[in-house]
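Visitor: Each chain, letter by letter, is given below.
Protein chains: 2
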Amino acid sequence: MKLKRHNSSFCPECFDIFFSRQVEQAIKKNRMFSREEPVLLGVSGGKDSMSLWFYLHQAGYKVQAVHFDLGMGEYSLRSREIVEGFSKQHQLPLEVIEVKSLINYSIPEVTKKVRNRPSCSVCGMIKRHLLNRYAWDNHFSVYATGHNLDDEAATLLGNILHWQDGYLAHQSPVLPSPHPKMVRKVKPFYTLTEEEIRWYARLHDIPFIAERCPLSKRAKSFHYKEALDFLEEKSPGTKHMFLLGFLERRDRYFASNQEKVELGECSRCGMPTTLEVCSFCRLMERLDSQKERSEENNAHHGSE
Amino acid sequence: MKLKRHNSSFCPECFDIFFSRQVEQAIKKNRMFSREEPVLLGVSGGKDSMSLWFYLHQAGYKVQAVHFDLGMGEYSLRSREIVEGFSKQHQLPLEVIEVKSLINYSIPEVTKKVRNRPSCSVCGMIKRHLLNRYAWDNHFSVYATGHNLDDEAATLLGNILHWQDGYLAHQSPVLPSPHPKMVRKVKPFYTLTEEEIRWYARLHDIPFIAERCPLSKRAKSFHYKEALDFLEEKSPGTKHMFLLGFLERRDRYFASNQEKVELGECSRCGMPTTLEVCSFCRLMERLDSQKERSEENNAHHGSE
Chain W
4 MKLKRHNSSF
14 CPECFDIFFS
24 RQVEQAIKKN
34 RMFSREEPVL
44 LGVSGGKDSM
54 SLWFYLHQAG
64 YKVQAVHFDL
74 GMGEYSLRSR
84 EIVEGFSKQH
94 QLPLEVIEVK
104 SLINYSIPEV
114 TKKVRNRPSC
124 SVCGMIKRHL
134 LNRYAWDNHF
144 SVYATGHNLD
154 DEAATLLGNI
164 LHWQDGYLAH
174 QSPVLPSPHP
184 KMVRKVKPFY
194 TLTEEEIRWY
204 ARLHDIPFIA
214 ERCPLSKRAK
224 SFHYKEALDF
234 LEEKSPGTKH
244 MFLLGFLERR
254 DRYFASNQEK
264 VELGECSRCG
274 MPTTLEVCSF
284 CRLMERLDSQ
294 KERSEENNAH
304 HGSE
Chain L
4 MKLKRHNSSF
14 CPECFDIFFS
24 RQVEQAIKKN
34 RMFSREEPVL
44 LGVSGGKDSM
54 SLWFYLHQAG
64 YKVQAVHFDL
74 GMGEYSLRSR
84 EIVEGFSKQH
94 QLPLEVIEVK
104 SLINYSIPEV
114 TKKVRNRPSC
124 SVCGMIKRHL
134 LNRYAWDNHF
144 SVYATGHNLD
154 DEAATLLGNI
164 LHWQDGYLAH
174 QSPVLPSPHP
184 KMVRKVKPFY
194 TLTEEEIRWY
204 ARLHDIPFIA
214 ERCPLSKRAK
224 SFHYKEALDF
234 LEEKSPGTKH
244 MFLLGFLERR
254 DRYFASNQEK
264 VELGECSRCG
274 MPTTLEVCSF
284 CRLMERLDSQ
294 KERSEENNAH
304 HGSE
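Chains as they are written, first to last, in our numbering: chain W, 4 to 307; chain L, 4 to 307.
Incorrect hints may have been included.
[Said to hold, decoys possible] Reference listing, derived: stretches of chain L covered by chain W, where coverage requires no fewer than 3 residues with Cβ under 8 angstroms from a Cβ of chain W:
id, segment
1, 162 to 175
2, 226 to 234
3, 244 to 251
Hints were generated in silico from the structure; no laboratory data involved. Computed from a prediction, not measured in an experiment: that's the story for all the values here. Cβ atoms here follow ideal geometry from the backbone N, Cα and C, with glycine treated the same way.
Please work from the sequences and hints to get the whole structure.
Guide: This is the structure in structure tokens:
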């Protein structure tokens, strides 16, 4: 296994050691969680979350996995099968939750109705809300996601190209809890590339769904990844230097210029928000009012 | 002429108005120079400096052009021909200076000997030093270069990917004079893309050398440009937003964190530097000592 950015090759055993060290350093350096603290893990069925699940389990962490079934036809069926099969095979605790049973709409039903926002943005917001609510309801102090170096560097590039000041002030492998109902959010894989995680998954026969989500075709983050892949190819180590250099400078450059935001509680769901009604509840209201209108229309047409 | 980033098309007349407005705004907003102040312009023979020369002349600015003949064979011969021809055709003041006559080496002779540094970096440093010295010796208070939006955005991307704190604190369309012998440096084309300048040159029959400099093949800035071109294609306006957003935030984010650097004078040439001997003079010493060594070697071989 050749790692250009480290200018070295690894045998499988050494790669495993390299991989563990990266994750353990990420966890320790950023005080993500201890081996005693139960960690909630969102597993999609993709290589990152499946590998993180396997890693945390074999390294002796207390992990509880939750899988949201997004109701995306064949893609969601296969993702769920992979996650459930892996849970059985390794006897790992897992809860599967159908998004539709929680919010009355599947993700495709939502994104079809919300045309003015990229699908990934809407879906991400819903998943973050549901994962945080699940963590809070079930008394977890921390939840983990499988975001990797490529994800984080691409997000950073997008935030910098568009100078998203608020996002730049907060982008981090650990989002501390700013409110009792907002659970700490951690990304133990933030120093590992997609390629390294793919190798890890293969090395340990970790099953995962290889295709991209069918709704993510137009996601801008893919363009940022492509641009960074190109630059990484020309100059190995670029992504790593970019992200890690940013994290060293974030507080000094970006966070110190931000005003503190006061978090209140949403008047509908009670979860933390800077607004009167949180963006999740506003989305739900919008969907429900669309539904009512279309039912009225149908009733009207029916009576004609 | 279609400008995707402005979501509009222009006829030649309107394009000319658009172009003028961009340059005039850049000059005024950044207080680059007035119509009374003589401006020294470095002209390479490329589209940017040739167009800037033409623009400043026809807009009534007092421009004195200087062309450095880099001694790069056919490429330099053709560049010089273009610059000299244009000067004659429009009766524009021009001084041509052979770099070799000033420093005893042509640019290829320098870069052949300095293998541990990219050619563009060495050549750029020499040109900046010579242009500043020429400006100072000839009592100019300001000199201009043809750097465009693509150049500036690519430089910025490189500085950000590698978190070059010092460069980030200072990147600007106007570098104010930090020392009496360091002349103000301005880039009136920093809001215009390469494509727009190419159109302008065609529209006004401005001759220019179209090929890249033969020594610049491995320049990293081309990779940054390629990556940004890709992102611009996917999302028009990216480069503009990236650079202009940076300039708005530069002082707040990047410059305020930098310590002030004390500028002294080089003990050899007397020009401003933060070191005992400036980097230009150190390069010259290195070249001369290499030459002496090789002459000694030759003498030694000759006596055998």
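Visitor: If a hint holds in the structure, say so; if it doesn't, say that too.
Guide: Hints, one by one, checked against the model:
no. : hint       : verdict
1   : 162 to 175 : holds (count 5)
2   : 226 to 234 : holds (count 7)
3   : 244 to 251 : holds (count 5)
Taken one by one, the earlier hints all hold for this structure without exception.
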